[in-house]
Amino acid sequence: EILVPEFHKKIKEAFEVFDHEANNTVDVREIGTIVRSLGCCPSEGELHDLIAEVEEEEPTGYIRFEKFLPVMTEVLLERRYRPIPEDVLLRAFEVLDPFKRGFLSKEELIKYMTEEGEPFSQEEMEEMLSAAIDPESNSIHYKDYITMMVIDE
Amino acid sequence: MGSGTSTQHHFAFQNAEKAFKAAALIQRWYRRYTARLEMRRQCTWRIFQSIEYAGQQDQVKLHDFFSYLVDHFTPSSNHERDFLDRMFTDERFPQNSEMEKFSDYESIQVPDNYTGPRLSFPLLPDHATALVEAFRLKQQLHARYVLNLLHETKKHLIQLPNINRVSTCYSEEVTVCGDLHGQLDDLIFIFYKNGLPSPERAYVFNGDFVDRGKDSVEILMVLFAFMLVYPKEFHLNRGNHEDHLVNLRYGFTKEVMHKYKTHGKKILKILQDVFCWLPLATLVDEKVLILHGGVSDMTDLELLAKLDRHKIVSTMRRKTRKENGKQAKKEKGNQTSSAGRPTPWFLPQSRSLPASPLRLGCVQAHRAGRSSSIPCGAPGDAKELARQVRRSVDLELDRCRRQAGFPVSRGTQEAPLCAPEADSEAEEPLEPTQEEWRQVVDILWSDPMAQEGCKANTVRGGGCYFGPNVTEQLLQKYNLQFLIRSHECKPEGYEFCHSRKVLTIFSASNYYEVGSNRGAYVKLGPALTPYIVQYQANKVTHMLTMRQRISRVEESALRALREKLFAHSTNLLAEFKKHDIDKTGLITLSDWAEAVESVLHLGLPWRMLRPQLVNSSTDNTLEYKSWLEDLAKEQLNHENIQSSLLETLYRNRSNLETIFRIIDSDHSGFISLDEFRQTWKLFSSHMNVDITDECICDLARSIDFNKDGHIDINEFLEAFRLVEQSCSEGNASGRPQATNTNDGAAANQAHTKNSLVSIAHGAS
Chain A
124 EILVPEFHKK
134 IKEAFEVFDH
144 EANNTVDVRE
154 IGTIVRSLGC
164 CPSEGELHDL
174 IAEVEEEEPT
184 GYIRFEKFLP
194 VMTEVLLERR
204 YRPIPEDVLL
214 RAFEVLDPFK
224 RGFLSKEELI
234 KYMTEEGEPF
244 SQEEMEEMLS
254 AAIDPESNSI
264 HYKDYITMMV
274 IDE
Chain B
1474 MGSGTSTQHH
1484 FAFQNAEKAF
1494 KAAALIQRWY
1504 RRYTARLEMR
1514 RQCTWRIFQS
1524 IEYAGQQDQV
1534 KLHDFFSYLV
1544 DHFTPSSNHE
1554 RDFLDRMFTD
1564 ERFPQNSEME
1574 KFSDYESIQV
1584 PDNYTGPRLS
1594 FPLLPDHATA
1604 LVEAFRLKQQ
1614 LHARYVLNLL
1624 HETKKHLIQL
1634 PNINRVSTCY
1644 SEEVTVCGDL
1654 HGQLDDLIFI
1664 FYKNGLPSPE
1674 RAYVFNGDFV
1684 DRGKDSVEIL
1694 MVLFAFMLVY
1704 PKEFHLNRGN
1714 HEDHLVNLRY
1724 GFTKEVMHKY
1734 KTHGKKILKI
1744 LQDVFCWLPL
1754 ATLVDEKVLI
1764 LHGGVSDMTD
1774 LELLAKLDRH
1784 KIVSTMRRKT
1794 RKENGKQAKK
1804 EKGNQTSSAG
1814 RPTPWFLPQS
1824 RSLPASPLRL
1834 GCVQAHRAGR
1844 SSSIPCGAPG
1854 DAKELARQVR
1864 RSVDLELDRC
1874 RRQAGFPVSR
1884 GTQEAPLCAP
1894 EADSEAEEPL
1904 EPTQEEWRQV
1914 VDILWSDPMA
1924 QEGCKANTVR
1934 GGGCYFGPNV
1944 TEQLLQKYNL
1954 QFLIRSHECK
1964 PEGYEFCHSR
1974 KVLTIFSASN
1984 YYEVGSNRGA
1994 YVKLGPALTP
2004 YIVQYQANKV
2014 THMLTMRQRI
2024 SRVEESALRA
2034 LREKLFAHST
2044 NLLAEFKKHD
2054 IDKTGLITLS
2064 DWAEAVESVL
2074 HLGLPWRMLR
2084 PQLVNSSTDN
2094 TLEYKSWLED
2104 LAKEQLNHEN
2114 IQSSLLETLY
2124 RNRSNLETIF
2134 RIIDSDHSGF
2144 ISLDEFRQTW
2154 KLFSSHMNVD
2164 ITDECICDLA
2174 RSIDFNKDGH
2184 IDINEFLEAF
2194 RLVEQSCSEG
2204 NASGRPQATN
2214 TNDGAAANQA
2224 HTKNSLVSIA
2234 HGAS
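Chains A and B, in that order, give the protein sequences.
Take 124 as the starting number for the first sequence in this note's numbering and just add one per residue.
Take 1474 as the starting number for the second sequence in this note's numbering and just add one per residue.
Hints were generated in silico from the structure; no laboratory data involved.
These numbers come from a predicted model, not from an experiment.
The beta carbon of each residue, even a glycine, is placed where N, CA and C say it ideally should be.
Misleading hints may appear alongside valid ones.
To be verified - Some chain A residues judged to face chain B by a derived CB distance under 7 angstroms, without partners named: (1) 144; (2) 160; (3) 268; (4) 271.
As the list claims (entries may be wrong) - Simulated coverage check for chain B against chain A, where a stretch passes if three residues somewhere in it have a Cβ under 8 angstroms from a Cβ of chain A: (5) 1492 to 1502; (6) 1506 to 1519; (7) 2074 to 2081.
With these hints in hand, go ahead and build the complete structure from the sequences.
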């Protein structure tokens, strides 16, 4: 395929950003960041499975590029873990806001994000709150929030 | 269990499941968002680091340029010869200098309307504290006090050994700080948070106090003041920026001349001496070694302890301040070039000997033979080297004895603080030996690496990269526990490596940009367990979200990167054309990434950065000519000047600025039109730039804004947005000036500026 060499270059670049010791390995904890910055949007569970595929037989805490490259190339070719379109995201927020108020309170957001789905860590929660919550109303107006975040990209 | 209840259950279950899925979706999306932010953060960091180190490589190229001149350039007229001689002639500071006249500052009058801090000697702790407070209020210390303080500092430093020793028996805790680089806010913050120095609170400042930031002078004043007040508890190590040649390039010289227009020269002169009298390292409890850069597999602490550190005036060149004349007699005549011209005072004296590690050519040799005991040259040299080393060690011991007041072989006892120069002219070798110099360069310039071994530090152009085995070897040899060093900026202000045997500590927060990194300092108690404190001396960053912080720093990095891209427009165009075989005017984005890397050599993840640098086209191709034109438009606003000339100026601006400052021997800030043209002509012939004489004349004339035949260097640089922010901030700070001379003229020039000033962003 014509795409493969180009994918290889992209994957190599992303990998090298985290290859701090310049020895073609990265800390396994950075794999999520690498995969996601290559355009994919896996869940934690899916990421976990992917890591299992690229890990050593006896996990060392590091992932080698030689193992990562073929697996990641396959992911890109198959267009796995597609990103979430804006409207789908909006509907997800609306599910959590059954009375269609247009916002979620801070407590509600915390409850859903830390108790449901694949729960956030405290750090993740705090970080999301700092950008999402409108301090005056202590709530997140999710439509505006989504718009703001998407512009960033 | 009627049907009603089971339906309720069913709905409840469905709703719960929906909520679960919705939450999972939002989390999945959010995690991708933060991952991309993290990637951007890492890329931004890389941009800053690669540009910073590329700048240091420029220094190497500058040396090559001057070497080229020495080798190849024959002046075609008396005019040119005079011009060259100016560059190549003796040290511009007169030989029977103010150095001998210790009382020269006494003749400086402090005006009655001076409201800044006043110092009297011997200094008391209150004076030092008052100094910090005065600087916090943005006052400036009068030149008279500056010079007085520097004289006292020098007297003190001369008595110190090359390696300071600190004990946690006396002061219960020792605080070690890393690079400050002229950022006074960080120093003030450290004293605020950790407490002022005292007999119970020892401090070690690990070099690089000056350059880049805008308050290098004030930092030095504070550090020296505390050192005089608490000589046993307050220690300073020399960094690679405590070096007058490095200062010419990285901003300290400029800062001094800007703040002290009348007496700046004197201040710089004595600072040159003060810097080379700074100790090289500090040892805590004989267990923790603190030095600025790092070590090499050749590091010999005994040799370092014994050598005459004063001889190493600058790590950029091996020779001392002594005159070419004297040197010429001692040298075997191998410094002469075609016209029998002496070597420029800023080049390594003997070029036939293994030259400075800062010469690219020699770096290859280093890489190959790094671990061998002799760097280059025939086996015969080994004996000669050993002899020289031994001789210099003997002489050094003699000198130490003399300084300590012990009887010397000749039975004469001299006052320890007598001008050592008078002595040394008579008997000592005028230069440090190759080995001595290399030892000092290694500890001031080296960086740790993850791989085992030791190889030449080609990125910096000096010192080496040392691996965990080198560290281990050194620690074992001298029975040490770990190393503390600085020299490298770290996002968290500190970093451990080599299994926590090496600690990097960096104390200049927001070094690249507001929000780019934290600063840190480390405390050691009697148990010598490192306790690290981090900070970021800027209120604004605390109020920003992570996203905003990253955006801000990223914008700054991208701006710098775009500037660099512009500076290489011609080469980029050529490279793009190679990929555009069918001459369609288009190339793929993949080709773009390859071309850019092959021209810029920055090792950056260009495909990751592409969306920020190139407006995305739908079909994955780029119209490269218009992209380059857009870059140019963003950078320039001068219509009547040839754009390739400007581009070349951009690329070489640091070098140009350095050359200008060298030519401007009296530090007036002005060079004549003629000097400008000559410089440019020389420079462009070396760089193979095809610019007509006429063009250069036009350029020169257009820069001479008030048409008096002189170019204000700062204006020239600013007109092309080449002045670093620190200078424009300095202009705007409105410090009460203690002395000034013909500032009327300078002020007029300032008003006729025709410039695009780069907007200072991130003001606190």
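Do the hints match the structure? See the list:
no., hint, verdict
1, 144, "holds (4 angstroms)"
2, 160, "holds (4 angstroms)"
3, 268, "violated (10 angstroms)"
4, 271, "violated (9 angstroms)"
5, 1492 to 1502, "holds (count 11)"
6, 1506 to 1519, "holds (count 9)"
7, 2074 to 2081, "holds (count 4)"
In terms of the numbered hints stated before, the structure departs from hints 3, 4, listed from lowest to highest.
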